Amino acid sequence: MKKIRIGSGAGFGGDRLEPALDLLERGSLDYIVFECLAERTIALAQEQKLKWPDKGYNELLEYRMTKVLPLAVAHKVRVVTNMGAANPHAAALVIKQIATDLGIRQLKIAAVTGDDIFDRLDNYRELPVLETGEKFNSLQTKAISANAYIGAAGITEALRNGADVVVTGRVADPSLFVGPLAYEFGWSPDDYHMLGKGTLAGHLLECGAQVSGGYFADPGYKEVPDLWNVGFPIAEIFENGDLIVTKLTGTGGCVSPATVKEQILYEIHDPATYLTPDVVADFSSVTVKELDPDQVLVSGATGHPRTEFFKTSIGYKDSFIFEAEISYGGSGAYERATLAGEIIARRLAFLKIPVEELQITYIGVNSLYRDTISIQQNGTFHDFKDVRLRVAGRTGQKEAAVRIGYEVEALMTNGPAGGGGVRVYVRDNVSIVSLLVPSADIAVQIEYLEVL
Amino acid sequence: MKLREIAHSRTGDKGNISNLSLIAYRMEDYPRLRQEVTAERVKEWFRDIVQGEVIRYEIPSLGAFNFVLKDALGGGVTRSLSLDAHGKSLSSALLDMEL
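In order, the protein sequence lines correspond to chains A and B.
For the first sequence, position 111 matches number 111 in the working numbering, and the numbering has no gaps at all.
For the second sequence, position 83 matches number 83 in the working numbering, and the numbering has no gaps at all.
A few of these clues could be false.
For lysine-lysine, the following BS3-like pairs were computed, each having C-alpha atoms within a straight-line distance of at most 27 angstroms [unchecked claim]: (1) A/Lys317 with B/Lys88; (2) B/Lys14 with B/Lys70; (3) A/Lys385 with B/Lys88; (4) B/Lys70 with A/Lys317; (5) B/Lys70 with A/Lys311; (6) A/Lys135 with B/Lys88; (7) B/Lys14 with A/Lys142; (8) B/Lys43 with A/Lys142; (9) A/Lys55 with A/Lys142; (10) A/Lys55 with A/Lys67; (11) A/Lys385 with B/Lys2; (12) A/Lys311 with B/Lys88; (13) A/Lys317 with A/Lys135.
Each pair of labels, with its calculated beta carbon distance range [unchecked claim]: (14) B/Asp48 with A/Thr132: 20 to 28 angstroms; (15) B/Glu98 with A/Pro53: 36 to 44 angstroms; (16) A/Ser28 with B/Asp48: 44 to 52 angstroms; (17) B/Asp96 with A/Val402: 37 to 45 angstroms; (18) B/Gln35 with A/Arg26: 41 to 49 angstroms; (19) B/Asp29 with A/Thr372: 23 to 31 angstroms; (20) B/Lys2 with A/Thr132: 31 to 39 angstroms; (21) B/Asp48 with A/Arg423: 47 to 55 angstroms.
None of these hints come from the bench; they were simulated from the model.
Computed from a predicted structure; not experimentally measured.
Yeah, the Cβ is synthetic: ideal placement off N, Cα and C, and Gly gets one too.
Just need the whole structure built from these sequences, with the hints factored in.
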């Protein structure tokens, strides 16, 4: 039975590189996929592209490709990545230049675009925003980016046309993996059963080490060997859609039924209806079975016809967010920190500083879970000897945000005894909302560059 | 006994929705989890954090549940004021629930 080996080269934009290089050298891979776009990343990349038209791709692109390309060529591994971010065209040019400089010959690079619909946002003014239900037109003037989560089709076509490296912008994460699988196994766009299986393979690999022992260890309960040296995962996918998740020998981490189960359910809602641009995947009857240490067989996924919409992320200039912190220690630390918190709340009211939303918490006490859970976990709050006041808020005006930072800093000479370690952060926050845009409106384009 | 003794969990996020898996270490504990860790109990446990409804999905083939917590991330990961804007640490709080 034909099988394809895909390695995961990155689970987020800034992920480690050496585990990916190890996979290229020793993994007997057919493909390596670098997933590098978080929800907000592409909006920030669009801002960069506005300033510098030949930028707007992943900032580690040059660093990664300089080391990846020679190994990928030597071991005949094709590369798929969304490192193009807001500018796949520019990213493809960069990759071509790197290949040329390295003396690599006969390399075909494909840039897949069509996800960027910012210039057509007027058509969607009346659509409801998924997060709030309000019409999009109230946010449109603040929008800075609009990218649809497109599917696997562009990647599949690029591979069919001989691309060695495929660079995209926004593509649904699992589709980065479905693209090569659909090409290799000849799945048609309406073979939902197989697309559901391919989507599970992609879903398992899209977060890098999160399926091979990363983000799993809980000493005393869940032990992971050599986590400092965790290996990135490989999926071996068979023609019938079953897959084995594994990793390289000699690397840290582990692949077990437990690591695989955690990742199957990561970031999904109804396991029977996992929406992607390619398929409505159904993970509700999936089974996992350990074949050998670090070898887990996954089967039982299926799929149903996809919806007629692509989720589209809109980045918009939302508000200024400030965060300011100061620490108190020793006996009475909690009382002094809460006094400081009360002072800040009164100062903001006294000075009439406009704040849309304010959050005052105490790091080490209740900053993660607020009071109900924290009291259950800790009993009383009064025994803490290392408490950090955290003031966070949202405002429409930068001056207000900066002013609040000064108020927290003023706790040094004007606040309770023994406060120290003030840090203030102010940022012009870009937020994301989503629309459902008809998929028929979106045409995928592919541009090819060749190093001869 | 804390939930942590018999199950493990991971948090995921999408917009303003958090999801917490709950996976039995041993399949024989699954019925007990089904009976005791209801959507209502999880909603009550996270009442300071989750403003919306809590839905529990069952995945018996994995010995697992998936809890979907709506309106749980301070307006959404990209605009939340919380220190842990993604709510990544919520899974550890779930495991601190008493059985």
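Fill in: 27 angstroms Cα cutoff - pair lysine 14 of chain B, lysine 142 of chain A
22 angstroms, holds
Practice prompt. Measure nothing beyond the straight line between the CA atoms of lysine 14 of chain B and lysine 70 of chain B; if it is 27 angstroms or shorter, mark the hint as holding.
Written response: 10 angstroms, holds
Worksheet item: Can the suggested window of 37 to 45 angstroms be confirmed for the beta-carbon pair aspartate 96 of chain B and valine 402 of chain A?
Response: Cβ of aspartate 96 of chain B to Cβ of valine 402 of chain A: about 38 angstroms, so the range 37 to 45 angstroms holds.
Practice prompt. Compare the distance between the alpha carbons of lysine 385 of chain A and lysine 88 of chain B with 27 angstroms, and conclude whether the hinted pair is satisfied.
Written response: With Cα atoms ~25 angstroms apart, lysine 385 of chain A and lysine 88 of chain B stay inside 27 angstroms; holds.
Discussion item. Does lysine 2 of chain B sit within 27 angstroms of lysine 385 of chain A, going by the straight-line distance between their CA atoms?
Written reply: Satisfied, since the Cα-Cα distance of roughly 26 angstroms is no more than 27 angstroms.
Discussion item. Between the beta carbons of glutamine 35 of chain B and arginine 26 of chain A, is the distance compatible with 41 to 49 angstroms?
Written reply: Distance hint for glutamine 35 of chain B, arginine 26 of chain A holds at roughly 47 angstroms.
Fill in: Hint check for threonine 372 of chain A and aspartate 29 of chain B - Cβ pair distance inside 23 to 31 angstroms
26 angstroms Cβ-Cβ, so the 23 to 31 angstroms window holds.
Worksheet item: Going straight from one Cα to the other, do lysine 317 of chain A and lysine 135 of chain A come out at no more than 27 angstroms?
Response: The given pair, whose Cα atoms are some 17 angstroms apart, holds under the 27 angstroms limit.
Item to complete: Take the C-alpha atoms of lysine 43 of chain B and lysine 142 of chain A, compute the straight-line distance between them, and say whether it is at most 27 angstroms.
Response: 35 angstroms, violated
Item to complete: Using the Cβ atoms, figure out if serine 28 of chain A sits within 44 to 52 angstroms of aspartate 48 of chain B.
Response: 50 angstroms, holds
Worksheet entry | C-beta pair aspartate 48 of chain B, threonine 132 of chain A: status relative to the range 20 to 28 angstroms that was hinted | 22 angstroms, holds
Discussion item. Check whether the Cα positions of lysine 55 of chain A and lysine 67 of chain A lie no farther apart than 27 angstroms.
Written reply: 20 angstroms, holds
Going through the hint list in order, the structure does not satisfy hints 6, 8, 15 and 21.
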